[in-house]
Amino acid sequence: MTSFTMPRRQLIARVGGLAATLPLLSACDAINEAPAVRKILSMGEEMNRASQRALIDRNALAREFSRADLSPIFRANGTRLPAGTAYAAHAASGFADWRVAVTGLVARPLSLSLADIRAMPQRTQITRHDCVEGWSAIGQWTGVQLSRILAAAGVKDSARYIVFRCADRIGDALYYESCDMVDARHPQTILAWALNDAVLPIANGAPLRLRIERQLGYKHAKYVTGIEAVASLDGIGAGKGGYWEDRIDYEWYAGI
Amino acid sequence: MAMAETPAAPTANVATPPVRVYRHRRATRIWHWINAATLLILLMSGLMIFNAHPRLYWGEYGANNDPAWLVIGSTPDTGYLRVGSLRVETTGVLGRWTDAKGVEKTWAFPGWATIPTSYNLADARRWHLFFAWVLSIGLTLYMLWAAFGGHLKKDLHVRRGEWSPRHIWHDIKQHARLRFPRGEEAARYGILQKLSYIGVIFILLPIMIATGLTMSPGVNAGAPWLLDLFGGRQSARSIHFIAAWALVAFFFVHIAMVLLAGPVNEIRSMVTGWFRLPPERGERA
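Line by line, the protein sequences are chains A and B. Residues in the first sequence are numbered consecutively from 1, following the numbering used here. Residues in the second sequence are numbered consecutively from 1001, following the numbering used here.
Hints are computed from structural coordinates only; laboratory data are not their basis. Please read these numbers as outputs of a predicted model, since none were measured by experiment. Check before you lean on any hint, since a few could be wrong.
As the list claims (entries may be wrong) - Far from chain B, some chain A residues (derived; all Cβ distances over 12 Å):
| no. | residue |
| --- | --- |
| 1 | GLN122 |
| 2 | GLU133 |
| 3 | GLU228 |
Unchecked claim - Subject to a maximum C-alpha distance of 25 Å in a straight line, what follows is the list of computed SDA-like cross-link-like pairs (lysine to any residue):
| no. | chain 1 | residue 1 | chain 2 | residue 2 |
| --- | --- | --- | --- | --- |
| 4 | B | LYS1105 | A | LYS39 |
| 5 | A | LYS39 | A | GLY239 |
| 6 | A | LYS39 | B | ALA1052 |
| 7 | B | LYS1105 | A | CYS28 |
| 8 | A | LYS39 | B | TRP1133 |
| 9 | B | LYS1105 | A | LEU24 |
| 10 | A | LYS240 | B | LYS1105 |
| 11 | A | LYS240 | B | ALA1122 |
| 12 | A | LYS39 | B | GLY1138 |
| 13 | A | LYS39 | B | ALA1037 |
| 14 | B | LYS1105 | A | GLU133 |
| 15 | A | LYS240 | B | ALA1037 |
| 16 | B | LYS1101 | A | LYS240 |
| 17 | B | LYS1101 | A | ALA30 |
Just so you know, even glycine gets a beta-carbon here, dropped at the ideal spot from N, CA and C.
Start from the sequences, fold in the hints, and give me the full structure.
Right under this line is the structure:
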């Protein structure tokens, strides 16, 4: 009898303890999942975007550092090596045949090689990279200002966003990102092909990655294959403007 | 904290009714409760954000290969907290713990302490960055109200005599002996109360907001002086973390004082505004 009741009592105590915590925790998560709550919380993103655009000079520069400030090791994150034979072939040939397609709402669609991009005026900047997770690394980037590419392609006034297409596939889809025309034309927004005076490593997005210095790391698209000027983000991916935005609801405006 | 109801004239054989004073005005009460909920949400979502990278650094940069002054981590069978060279095993609470379903996890802070309960940086940021606005707007309005509505001058202003070390030491001793003011004196804030409330409203909460903004790459471009003020983005992140725990410490002392001073009367006064003066020692309650 005793041997039977003791475990049962313990079991009841256990279940009771769980029952006391589980409903509370699941209630919290139910609130988190409620569409109305998510809608209200998302107002924070729009308030951040609108206030930063309203209060901060649209051409204000991210701080630039000196070589003495460089991180000893620049951490690579996200995709470190795009899968597939096509990318491997590009890497093997030193990206000699890599092309960046400039399409969408432009007067002159372009297909740029790395040589084309390096022939344009270059910008070198030592900036801090801030991951959404919380860490930061300082690196020196060299590349061409996106504004020059957009000017060369003759981007139309109807374009409101620039979408960046990438060669790395995560799970079921290719990575992509987007930004508004303010950040697209910002002087420090560059397509970089060098990090710390060396050719951009594959882990950091070779042969070309975006630097969009006033936003968090996931906006800095790596392995860029396409630049597309669009009037709306609807119909691109799930319509939220980026790979992580579509999947796990990261903010599209990542200025904070 | 002004008006006092005229107590009924004491008569023999009848207990004196407690003297009630209008202690907290509506703005204080509303802000207090909104702020209490807001800070709880900010803390819990902040702990989840910390879980994404449970390391803290000094200076402008800091990532996995750089030296961290604080780490919450795990080994294959333990969880630990390391601060500088001091390492404490924290299995069950930090770094390695079991969730409500009995599954072992190795995130820094446990599910019962975070919003949401299981790892989700995106959702934690949504909560944190929305309620950061609630905190900032509420604090700004309350500061303006306190400055122009007389609260600062009447209730929080530290008068000349109160700054004397003897007076402060006396208040510390009285607190240590759990001898709290009674009668008329209980209607006013003591020096330690004043310094605590001023410290939270005008120092700690502004530091939380300013260090939070210093972590924003967008704000950095517009206000680079914030980076200089706090010694870089990773320093700002460390100070944000330390100040958050200073607020938690304030919370525990605050709750302890409420419990010791009479929780029903104290909480009622923060709900209705009316506070019953504890009778002078020796007087009948």
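Right, here's what the structure says about each hint:
Remark: the non-interface label on A/GLN122 is consistent with the geometry, its nearest Cβ contact in chain B lying 22 Å away (cut-off 12 Å). Look at A/GLU133: its CB is around 4 Å from the nearest CB on chain B, not clear of 12 Å, so calling it non-interface is violated. The non-interface label for A/GLU228 is consistent with chain B: the shortest C-beta to C-beta separation is roughly 24 Å, beyond 12 Å. Taking the CA atoms of B/LYS1105 and A/LYS39, the gap is near 30 Å; set against the 25 Å cutoff, the hint is violated.
A hinted pair counts as satisfied when its Cα atoms are at most 25 Å apart, and A/LYS39 with A/GLY239 qualifies at roughly 16 Å. At roughly 24 Å between alpha-carbon atoms, A/LYS39 and B/ALA1052 fall within 25 Å of each other, so this suggested pair holds. Distance restraint check for B/LYS1105 and A/CYS28: the Cα-Cα separation of roughly 19 Å lies within the 25 Å cut-off, and the hinted pair is therefore satisfied. Of the pairs offered as hints, the one joining A/LYS39 and B/TRP1133 holds, with about 15 Å between alpha carbons and a cut-off of 25 Å not exceeded.
Simply put, B/LYS1105 and A/LEU24 have alpha-carbon atoms about 19 Å apart, close enough for the 25 Å limit, and the pair holds. Our distance criterion of 25 Å between C-alpha atoms is broken by A/LYS240 and B/LYS1105, whose separation comes to about 31 Å. Restraint check for A/LYS240 and B/ALA1122: the C-alpha separation of about 14 Å stays at or below 25 Å, so the hint holds. For the hint linking A/LYS39 to B/GLY1138, the alpha-carbon distance of about 21 Å falls within 25 Å, and the restraint holds.
Taken as a hint, the A/LYS39 and B/ALA1037 pair is honoured in the structure, with Cα atoms around 19 Å apart against an allowance of 25 Å. Annotation: proposed proximity of B/LYS1105 to A/GLU133 holds, straight-line Cα distance about 18 Å (limit 25 Å). A hinted pair counts as satisfied when its Cα atoms are at most 25 Å apart, and A/LYS240 with B/ALA1037 does not qualify at roughly 30 Å. Between B/LYS1101 and A/LYS240 the alpha-carbon distance is near 33 Å, which puts this suggested pair outside the 25 Å criterion.
Pair hint B/LYS1101 plus A/ALA30 holds up; C-alpha atoms about 16 Å apart against a cutoff of 25 Å.
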